[in-house]
Amino acid sequence: MLKTTSLPIQGQEATRNFVIALAGNPNVGKSTVFNRLTGLKQHTGNWPGKTVTRAEGIFSHRNRHYTLVDLPGTYSLHASSTDEQVARNFICFSRPDLTLVVCDATCLERNLNLVLQILEITDQVVLCVNLMDEADRKGIRVDIDMLAHQLGIPVVGTAARSGMGLSRLKDVLDDMVAGKIVTTPRQVVYDPELETSINEIAKRLTPYLPDWINSRWVALRLLEREYSVLDHITDNKNKNYSESILKEEMALCLQ
Amino acid sequence: MSTINKHGLSIIREIEPLLPGNVPNIKDRIVSGIYQQAEGISSQVVRTGNPYQAGLEARLDGILTSRWLGFPMMLLLLTLVLWITITGANYPSQLLASGLFWVEGQLLHLFVILGAPAWLTGILIQGAYRSLAWVVSVMLPPMAIFFPLFTLLEDLGYLPRVAFNMDNLFRRAGAHGKQCLTMCMGFGCNAAGVTSCRIIDSPRERLIAILTNTFSICNGRFPTLIALATIFMGTLVARTYSSMLATLAVVAIIMTGILTSLLVSYLLSRTLLRGVSSFFVLELPPFRKPQLGQILIRSLLDRTLFVLWRAVVIAAPAGALTWVLANSFVADTSIFALIAGWLDPLGQLMGMDGIILIAFLLGLPANEIVLPILIMGYLSAGSMLELDSLNALRTLLLDHGWTWITALCVMLFSLLHFPCGTTLYTIFKETRSARWTIFAALLPLALGILVTLMVNYCFVYVLG
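Just so you know, the sequences run in chain order C and D. Per my numbering, residue 1 is the first one in the first sequence, and the count goes up by one each step. Per my numbering, residue 1001 is the first one in the second sequence, and the count goes up by one each step.
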């Protein structure tokens, strides 16, 4: 497990390693952002699926150390393919300190699907709208401030190939980790009938679930009959929520 | 584990009555909820203008992926890239060869002055240094031209278009459309190609892609093919057309590889690996303005120097080993000649000879060193000692009875033989099966023996 489970104390702060998951659709320049941040020189290709192995790189900024985990590019987190499962399970169950989502400014709408799905899992998200230079060339304007307002998370526009916006991105990542930014992630609102089910199930689930997991998200997965997420939750060794308590509560509920 | 499952089950038991039936419908509603939201946000954030550019790209895509022009365009681009490589590599190759062999002369001189023993001079200079010099002078120039060009096509966004064109063919062969992408990766390096097969989800199709990846000519084999094509095919016609014919010969070998890949996929999916092909959605990425500086640096550092380094690291000891084998005698015959003698009958049937087969066998660690070992083998057989240009190489090969049919058979066998050691190891890691790994080695080898036997038989006994 990458994440340290105990809360950071003052002295550990400097030596602690913050884990950032790098997610995004295929071919949006994720690898370029990864290389720019970590200084690694992987070849980046202009075709979807270039990154098949999970790459990890490290970088430091303002005296903090980060591990950046490059996840496979996916269009969604529906877990219908191995790639999607790997990406989803990492974001959800390995619990990185932060998830950095990279978007393609030239086709933002399609990219936003993934962003919204990630926001259902975690609120520690920074969005990087990449390929701003290309969008510019195609006459596409993206209102970054408006997007940040709409999503309720920090958004940074970049052109990773030329390095534009990367230093600001690092600053924002750092501010997030330091707790200087509080996010209010946009929640997807489904049709009323579905919302009723979600709320009801989430309410019932809450007592069973550890507090790091979003019960609404679990409810949605159960609605899709994806029961395997429950195994992942209980498999995940989490010291804040001891298994014995879970067992007791379960026993009580069964009676 | 069982207790955990039980708890999971208990939650499910409690929640289940609350879950509405008709799961596909719920999934659709969840997806459409997300899509609507994304659309809503996007409409407030994104302003589009200038539809001209998009129109241009669409038209370009219309040509590159069109039903009629797609394939000719692919062939044309491939030919163009190889032609530039072959034409451009000729002169620097000569220059490097004469430079490096001048150094050899100086080194030899130095060893004589220092009074080094003959065996040491033999191993270090006639063995290690000479094969190293050959690797550098024969392989460096084509690589330094070919890799940046290939990377350029990759950066432009052409590869997915190739996959788009080929998708139908691969599907008809019972393989996955993405196999075209893994095949393209294989043109760089088969080990990388095999790793990239992970993008194929279905195990059956992934295995087909892994087993057929070796039919993509890799970096290690391109220089051999280009050198042989230049030396033998190029000289069949007048000088003006020679590099064109050499190019076409290499293109033909590549196309043979692709066709073999399709054919073997077809046969496998009808016999050992039966099943239906799964469909997938391939996104055609936008054409991007490539970053020329970046391409040059990356392709030179990552690919050219990487391959060259690998070749050098393996070629130097392999050259030394070859020299030792060629100069250790068992009853008047060197060990090298002894093995070559055993393999010779088979080699002759396949249009080659025993030394060529040894070169392929010793070249198992890396395909890059097949040609250097071959040269070492011939040189130690003692025909000529000064080798300072491609012409000299041609003379050497001619002296050992090569014809253009020999060159053709070597080129075909280079395409169709066991994958290199690194690739085999990668196949083992990916499949976790010794049986499939052995199969991956024997399948192309059997094909190679069969094809060269047939080609040689046709040309020598039927036509000649």
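Quick caveat, the hints were computed from the structure, so don't treat them as lab data. Where hints are given, some of them may not hold.
Below are the DSSO-like pairs computed for lysine-lysine, each with C-alpha atoms no more than 30 Å apart in a straight line [said to hold, decoys possible]:
1. C:Lys170 with C:Lys138
2. D:Lys1027 with C:Lys138
3. D:Lys1289 with C:Lys170
4. D:Lys1027 with C:Lys203
5. C:Lys180 with C:Lys170
These are the hints, each one checked on the structure:
no.: 1; hint: C:Lys170 with C:Lys138; result: holds, 27 Å
no.: 2; hint: D:Lys1027 with C:Lys138; result: violated, 35 Å
no.: 3; hint: D:Lys1289 with C:Lys170; result: holds, 26 Å
no.: 4; hint: D:Lys1027 with C:Lys203; result: holds, 21 Å
no.: 5; hint: C:Lys180 with C:Lys170; result: holds, 14 Å
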